[in-house]
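Just so you know, the protein sequences line up as chains G and Y, in that order. Heads up, the working numbering is the position in the first sequence plus 629, with the first residue counted as 1. Heads up, the working numbering is the position in the second sequence plus 2, with the first residue counted as 1.
Heads up, a few of these hints could be off.
Stated by the list, open to error - In silico DMTMM-like pairs for lysine to aspartate or glutamate, Cα to Cα no more than 25 Å straight-line:
1. G:633 x Y:289
2. G:649 x Y:22
3. Y:229 x Y:49
4. Y:302 x G:645
5. Y:195 x Y:22
6. G:649 x Y:289
7. Y:234 x Y:296
8. Y:302 x G:660
No wet-lab data here; the hints were simulated from the structure.
Listed below, chain by chain, are the residues.
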Amino acid sequence: MPGKTVVLKLNQQQIELLDKTVSRAGTPDREALIRRALREYSAKHFSSPDPRKKAAPGAKA
Amino acid sequence: MSRELISSVMLEPGTGKAIELLAGQVMRIEQIEGNQCVDFNCFNLRDYKEFMHCGRTRTLHGINPTEGSFMWSAPPRERAMAYILRDTVGANDVMFPRCSANLYESVYGLAVHTNCHDIQSEAQREYGLTPDDVHDSFNLFMSTGVREDGGIYVRRQDSKPGDHIEILALFDLLAVPNICGADIMKTSNFSIKPVKVMIYQASSEDLAKVPPLPAPVASQRTPANFKIRNIKATRELTRDPDYKPAFTNTPILYQEYPIELSEEEVAMLQAARLPVYGDDDGAALRDIVFSWWEDNYMGKPPDK
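Next comes chain G alone, as it looks inside the complex (with noise of 0.2 Å):
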């Protein structure tokens, strides 16, 4: 599976949240904070080999 580029959409107030939690979570910036999001999340929820058989996290209810 090759790298590729992912554009998001983010509005001014959703990137004032992510800016905010650059200094709060120690990121150096917003792309390592989103790059730190994919990583934890991923690792959190879905570190099963098959991840769909695992529930889906209860942020998505």
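Please arrange chain Y on chain G, whose structure you already have, making use of the hints.
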């Protein structure tokens, strides 16, 4: 624990009572025979436009709040109005609306019947409030649940003589308990009975039980912050020709934010993405980012 009794009143079937419950006073609502639902409403005694809001309360304490829960006012005030100090039953409801005359007429064919809306209206009329000022009740001693299909239901209840709920006012309130008028439903086990209401000065032990509340934030606005500060005094709605919209943070503008994902990160995205987003990688990643935020920061005070 010593409390000073200030007053007491017996609420007879079909009645309610508007009672000034000042900051630091406790209202104890006690079963006489048992199995009686009591609707409870409250207003800020100094500004009736601030009132207890079941939606806000439900969001913070669930559909069956009990001892240890607060009663909250509606946006934009969103203040803790009262605190439930004691609840010997633990069967209250903030899902169901107050019963109304329309319910009894349309479902049962009873054009005139005791109902919580009209009882509330009549009780609060003592303070100049109208039937339009009644709001959804905190339903005390009302056992309810949610079915698997999402429907909601009322169970028969099992409160006993002497069972009680104690509500501490956190600022000056007009508290309006009323005997639920539903004598032909399960709510009060198909009967309607009196309930005793007592007002006490809270003891120091009572006050010590109240957990600390978050410090007020700027978005908790009062009429001093409103663009229109005066209460409207006419019934007809007419357009303000000088009105200029001033919605928060508008226009909402989206910008594209490209991010180069590695092969490993693409695999993570594919594993975690939800079907609802189809082949929209950006929407799937955005969901993951904000879901991660909820996992880590929801409920924690933001940094100043």
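Results for each hint:
| no. | hint | in the structure |
| --- | --- | --- |
| 1 | G:633 x Y:289 | 18 Å, holds |
| 2 | G:649 x Y:22 | 44 Å, violated |
| 3 | Y:229 x Y:49 | 17 Å, holds |
| 4 | Y:302 x G:645 | 17 Å, holds |
| 5 | Y:195 x Y:22 | 23 Å, holds |
| 6 | G:649 x Y:289 | 18 Å, holds |
| 7 | Y:234 x Y:296 | 40 Å, violated |
| 8 | Y:302 x G:660 | 23 Å, holds |
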